[in-house]
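Novice: Residue numbers (my numbering), protein chains in the order written: chain A, 1 to 405; chain B, 1 to 405; chain C, 1 to 371; chain D, 1 to 371.
Hints may contain errors.
[To be verified] Covered, in the sense of this in silico footprint (three residues per stretch, anywhere, with C-beta under 8 angstroms from a C-beta of chain B), are these stretches of chain C: (1) 90-103; (2) 250-263.
[Unchecked claim] Here are the simulated lysine-lysine pairs, DSS-like style, with alpha carbons at most 30 angstroms apart: (3) Lys-142(B) - Lys-109(B); (4) Lys-324(A) - Lys-182(B); (5) Lys-294(B) - Lys-257(B); (6) Lys-324(B) - Lys-394(A); (7) Lys-145(B) - Lys-79(B); (8) Lys-306(B) - Lys-79(B); (9) Lys-394(A) - Lys-394(B); (10) Lys-271(A) - Lys-109(C); (11) Lys-394(B) - Lys-182(A); (12) Lys-182(A) - Lys-45(A); (13) Lys-118(D) - Lys-271(B).
[Claimed, not checked] Each pair of labels, with its calculated beta carbon distance range: (14) Pro-402(B) - Pro-176(A): 48 to 54 angstroms; (15) Asp-169(D) - Glu-275(A): 31 to 37 angstroms; (16) Glu-350(B) - Asp-207(D): 50 to 56 angstroms; (17) His-23(C) - Val-229(A): 32 to 38 angstroms; (18) Asp-81(B) - Ser-136(D): 34 to 40 angstroms; (19) Glu-189(D) - Asp-190(B): 48 to 54 angstroms; (20) Asp-133(D) - Pro-25(B): 43 to 49 angstroms; (21) Gln-75(A) - Gly-51(D): 36 to 42 angstroms; (22) Glu-275(A) - Ser-67(C): 51 to 57 angstroms; (23) Pro-176(B) - Glu-34(D): 37 to 43 angstroms; (24) Asp-29(A) - Thr-190(C): 36 to 42 angstroms.
In short, the hints are calculated from the structure, not lab data. None of these values were measured; they are calculated from a predicted model. Just so you know, even glycine gets a beta-carbon here, dropped at the ideal spot from N, CA and C.
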Amino acid sequence: MDFEDSKAEAAFRLEARTWLENNIPDDNDLSGLSNLQRAKFWQAKKAAARWACIRWPEAYGGRDATAIEHVIWQQEEAKLDLPNTSSFFGIGQGMAGPTLMAWANEEDKARFLPDLASGETVWCQLFSEPAGGSDLAALRTKAVKDGDDWIVNGQKIWTSGAHYSDWGILVLRTDPTVAKHKGLTYFYVDMKSEGIDIKPIKQISGASDFNEVYFTNVRIPDSQRLGDVGQGWHVALTTLMNERASIGAGSGGADFKSLKRLAQQVNIDGKPAIEDSAVRAKLASWYVEEAGLKYTSYRTLSALSKGELPGPENSIGKLVGARKTQDMSSFAIDLLEQQGVQWDAELDAEYNGLFQLSYMGIPGLRIAGGTDEIMANIIAERVLELPQEPRMDKGIPFSEVPTGS
Amino acid sequence: MDFEDSKAEAAFRLEARTWLENNIPDDNDLSGLSNLQRAKFWQAKKAAARWACIRWPEAYGGRDATAIEHVIWQQEEAKLDLPNTSSFFGIGQGMAGPTLMAWANEEDKARFLPDLASGETVWCQLFSEPAGGSDLAALRTKAVKDGDDWIVNGQKIWTSGAHYSDWGILVLRTDPTVAKHKGLTYFYVDMKSEGIDIKPIKQISGASDFNEVYFTNVRIPDSQRLGDVGQGWHVALTTLMNERASIGAGSGGADFKSLKRLAQQVNIDGKPAIEDSAVRAKLASWYVEEAGLKYTSYRTLSALSKGELPGPENSIGKLVGARKTQDMSSFAIDLLEQQGVQWDAELDAEYNGLFQLSYMGIPGLRIAGGTDEIMANIIAERVLELPQEPRMDKGIPFSEVPTGS
Amino acid sequence: MNFEFDDDQHLIRDQARSFLGEHCSSSVVREVLEGDALYAEQLWNKVCEMGWTATVIPEEYGGLGLSYLELVVIAEEMGRACAPLPFGSSVYLATEAIMAAGSESQKKKWLPLLAEGKAIGTLAYAEGPGETDAASLSTTVSKDTLTGKKCAVANGNIASLICVLAASDSGEGASLYLVDTSDSGVTAETIRTLDPSLNYADVHFADASCELLGEIGQGRDLLNALLDRAAVLYAWEQLGGAETCLEMAKNYAVQRYAFGRPIGSFQAIKHKLAEMYVKNTLARSNAYFGAWALNSDAEELPLAAATARVGSCQAYYYASKENIQTHGGMGYTWEFDCQFFYRRSKALAVLIGSERQWQEKLISASDPVAV
Amino acid sequence: MNFEFDDDQHLIRDQARSFLGEHCSSSVVREVLEGDALYAEQLWNKVCEMGWTATVIPEEYGGLGLSYLELVVIAEEMGRACAPLPFGSSVYLATEAIMAAGSESQKKKWLPLLAEGKAIGTLAYAEGPGETDAASLSTTVSKDTLTGKKCAVANGNIASLICVLAASDSGEGASLYLVDTSDSGVTAETIRTLDPSLNYADVHFADASCELLGEIGQGRDLLNALLDRAAVLYAWEQLGGAETCLEMAKNYAVQRYAFGRPIGSFQAIKHKLAEMYVKNTLARSNAYFGAWALNSDAEELPLAAATARVGSCQAYYYASKENIQTHGGMGYTWEFDCQFFYRRSKALAVLIGSERQWQEKLISASDPVAV
């Protein structure tokens, strides 16, 4: 056990840091560009030097790096003020990429993966539906075979980046007469296809990070199918496993560091709040959770680097992290007292933005990618191997499952 | 709304207090008596002056008092150091009494209730079984009809006071071939009957407040049946409704008052712990729960005094109270630091007994009379009217319900 | 002893609920939340016509002379509807301040206007992030004029009068002052907040005329006594909001299906809603005691107020966040109403001192009272 | 970077687990809990033969000279088995104290005895309920003899040597002293406790011979440094106990049926156990970091120790109480083993300073370290 770099790791870190310092984009590079353009600029630059998706095989644009090297790279990247690439490419590289890697044929891998790595093409994910939230497999969007194509009708929801994506991965119901999980098939689709209509969803935070995507007689060639007909759920699990690992990674917002700094700046009873023992006790418990999550991810890493697959234990990160961040944001606003109500992105972020944005954004994180309740179920059933609940939707055709409507 | 006595209430309070002060047992009365004998002495004295079971009809030994008068009486009684009657008579008077009142014939009511009120006879309750804890209706102890008698075989558990009780109320399975709730019948039994074998259960607190009760070919006359054959569950609900109301009433142990006093006596960082803001914040939140429970019971009282029945909302008291007391006991021991581990009933109760006893006793209160989880279910289903879970034991003969063994 | 509202009070509750159901539907809240209006002016006029702003003001000052038991019933309904109105700051804060500390002439001038709703009032004490220290205020008074800046004042851009905590010029410590916002020295700047269904403003005073409210140097004590009273009233409003959250969550849990059954049949949801019910019920009982203490001016008021306040803050936070959670993704959309209550719960939680301050007050007030 | 134990350490874990599984079954724990024995002496002799008491003691003093990574693995297994042994006080406290502050002659005298288990050691600082204030100790030293009373000393009636925090006679503040309990001035009185599977005693010193341990006046700092080290080791032991609770609860939840299905299929139980798993997993990860910091004598040790300690206290309390709850009525019986862990979790929680003290230390140590 060693929480410090080995020699080889230190050398890799130095190489990464050196490249980053020599290649950090300057104002000239970025001026006049949109956030997406900035992300594409920086991603392309990284890809050219093989610093994009470094864990991927060289053949697909990566550098065959180890899990530990990947973390070192991320740590070094995080130290600099760089264009945010993950919000644009995270889903494609984190979910579509591994799924293509596992299920696409060699030709398609060679066609899609390098562009995905370099940010040349952007991918989105279309799984959720209005009727299938926690019960993801209850999706209803239909695909009907027509010659070499499938004709798709229905609605997807919670699709990040649908409007600027080139491609999307999606699961469709190809047979409603068999049991829920058995009638699904997995595809990818050109997001510019005729019949796709994209509408942004405004969230309570005021942002619109997600979309509803309507499909009206959209044609998807059968060649864009991943896995067999009816095997869609199985393929989707590859994607979801990787989703959990990436959402778990944390999301900014209120954390120990920012809350402690706030407590040093505002007063309780005439003294800095950080001197108040109630504040200290709360901060300490949150620190323990935060450190626990951090070291848990390190331990996962050690497992990954031995070749183990990311398991359901990754559900912990999001479950604990989101609840904690919600309570911390709420408490931070309390510390600000009356002025805590003020939320103005244009003013001092520390007092009037950071915690308020976190407070309004966090309810989404407790839901996206699996609610707290689903995460707890996953831990109970998949890690602790507790028995499933009786299923009302088991062994009957999907079309006969009760829906309440 | 008025949290103070009306004129009539003040007069009643004065009457109660005067009687109590004039009749409080002195050392002469009690010396040499066991706790049970002390309780019987005091209960008989109260009964003689019609201060026993005061809400009961006069005909059965009560005084037809109102719910509010009952509370006033309890408040006044609590102010004096009197023999503990409730631990001996609580179950009989609180559960068996109301059940007999509702289900027995006039002759039996006249025969049993006055003696129950006066403490002349002690009753216990025999519902739980090893295989039927939370799932109370899954009880298996069998009664088979034989002429005018029923012959009973099986085992009951968690019976308080079985060894000193004269009578017991119990539910038995009279038909295992029908659905779980339908094959039960309700009886009362002479605890001195041949074939009844009583074994104390030692709890983790070291006390033995409960027993296992074994039935081997015990004969119960059919005349000791309450309600129809197969109606046992329905009759049992009368008993259980009253159980919840009485367990909810609280159980001593760690509370705001004792914990605050402790915090005034031990130090944190060289100053009384009560000055520490983390201690204050915790105490305040517990006070809020404690006060909330107290005023909730007052509100329930107002409803009862208007003639409403005690409803499932009484589940709150035990649910909140037990969790809170557990955390408070644990925290109190923490405040004592290293010496908190010492538990010696013979030493100073404040440092070495009160909180430790509470810590070891409270896990039982989170289970007895319905676990936290069952209480939450009751609130969800009976108060909030949320739908039941799918039932694996519904509509099939009891003998075919899966038991895992 | 009687721990229930009487029939008249129940009637007022029913009326208020049906009135707000009709005139303060979610679209009315949404209009203020999304639009430029500072409050729902039409609704305000109707509420004033109903006499709600006049509830506890004595008849001699144009009020209805009813008790606080009637007012808390209305407060709960205001919270239940998440009303986008300056009701709290005007009724629980400004009106109470003048009734408690105002001179006869101040009462005569302002109470009838407040009763009718022609004047909207508020209270201003915070000067920046964190607790306000009455001993070092930067808002000061000199020769009956007031200068300084107060932050995040509730309804600061709507109010006709503001009760301001400021340092007296005589060196006698903090005092309360009344300022008429028609004075040219007063400028208010609406600020962006977590809860745009309410109005908040930074208010600047530049040699604005002011009148002493109550005795000089007593500002801190007056403020504390005032906040105790307001805490009970806000506790009822917070409770009302928490009750709506429970109701919304329950309705959704019954309708929404997953895995072939209503989500309300899963214990995860059941126990979440049971917990909400428990918290709300305890908060309600504490609010009852607070209402009684407020109404009877009992010596237990400081303790009762703190207890009610802490209970309602905790219940509302829990109910509003878990209501969103119960709704899943839809609860997080702008389109759904869950957000109203999540915003409002936080806005009210910091309006008159956060939970932590009231926990502190509770313990201070708990000596020697025992449960 | 490598966040796992190596193969040798895994091997030690496997050996320890199978050894304790065989020799420290629940009946061994129960015998001490219910009987008059102060500890499981036979087991102790075997444990010492295995060399566990010698783990980190340098070879020159008769130890095995292994690292703390080996010792934490053993500590976890001790906790898992709820071993009724004086292992913690002897190995994590007394041995560490002498290794850290002992003179060469003290090391030569005591470490070989401690390594062999022929001497059992402990640490005594508390003098009564509440925090011990090193500035006002009533245990005092005068001319190399020590007088006073220490309360609830772990293994106080078993120990051959006690490290005592006492006020120096020279007025230089608190210092640590070594006392050999064979001295006639030492009397120990076993006390009744929450956890009778461990021995605790009040220890009276009447002019007992003592030797200074470390520098004079440095008692407080030495104690704090010592407790940091012990906190990591106890955190592993606590974690082990919490893991047993989870395992017991899980096994019971699968076997026990209610309403026609295993109780582990109900979300109330599922989510309870998931929460246990989460708490244990986070506590384990923090314990890893603590072990690394202890082993590499990293400057992060105070922060890492406090983090590990707080996490393990919280995890063990939760797991031990919810394990009983999962077992229902049976879990509350004397006959079931759930009680072992509920008792032990509290005993360990107050042994070297309660959660609150370590939260305080954590924040003090967190500057300027950031997560």
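Novice: For each hint, tell me whether it holds in the structure or not.
Specialist: Okay, the hints, checked on the actual structure:
no., hint, verdict
1, 90-103, "violated (count 0)"
2, 250-263, "holds (count 5)"
3, Lys-142(B) - Lys-109(B), "holds, 26 angstroms"
4, Lys-324(A) - Lys-182(B), "violated, 47 angstroms"
5, Lys-294(B) - Lys-257(B), "holds, 14 angstroms"
6, Lys-324(B) - Lys-394(A), "violated, 40 angstroms"
7, Lys-145(B) - Lys-79(B), "violated, 50 angstroms"
8, Lys-306(B) - Lys-79(B), "holds, 27 angstroms"
9, Lys-394(A) - Lys-394(B), "holds, 18 angstroms"
10, Lys-271(A) - Lys-109(C), "violated, 41 angstroms"
11, Lys-394(B) - Lys-182(A), "holds, 29 angstroms"
12, Lys-182(A) - Lys-45(A), "violated, 43 angstroms"
13, Lys-118(D) - Lys-271(B), "violated, 42 angstroms"
14, Pro-402(B) - Pro-176(A): 48 to 54 angstroms, "violated, 32 angstroms"
15, Asp-169(D) - Glu-275(A): 31 to 37 angstroms, "holds, 36 angstroms"
16, Glu-350(B) - Asp-207(D): 50 to 56 angstroms, "violated, 32 angstroms"
17, His-23(C) - Val-229(A): 32 to 38 angstroms, "violated, 56 angstroms"
18, Asp-81(B) - Ser-136(D): 34 to 40 angstroms, "holds, 38 angstroms"
19, Glu-189(D) - Asp-190(B): 48 to 54 angstroms, "holds, 50 angstroms"
20, Asp-133(D) - Pro-25(B): 43 to 49 angstroms, "holds, 46 angstroms"
21, Gln-75(A) - Gly-51(D): 36 to 42 angstroms, "holds, 40 angstroms"
22, Glu-275(A) - Ser-67(C): 51 to 57 angstroms, "violated, 43 angstroms"
23, Pro-176(B) - Glu-34(D): 37 to 43 angstroms, "holds, 39 angstroms"
24, Asp-29(A) - Thr-190(C): 36 to 42 angstroms, "holds, 39 angstroms"
In this structure, the earlier hints numbered 1, 4, 6, 7, 10, 12, 13, 14, 16, 17 and 22 are contradicted, and the remaining ones agree with it.
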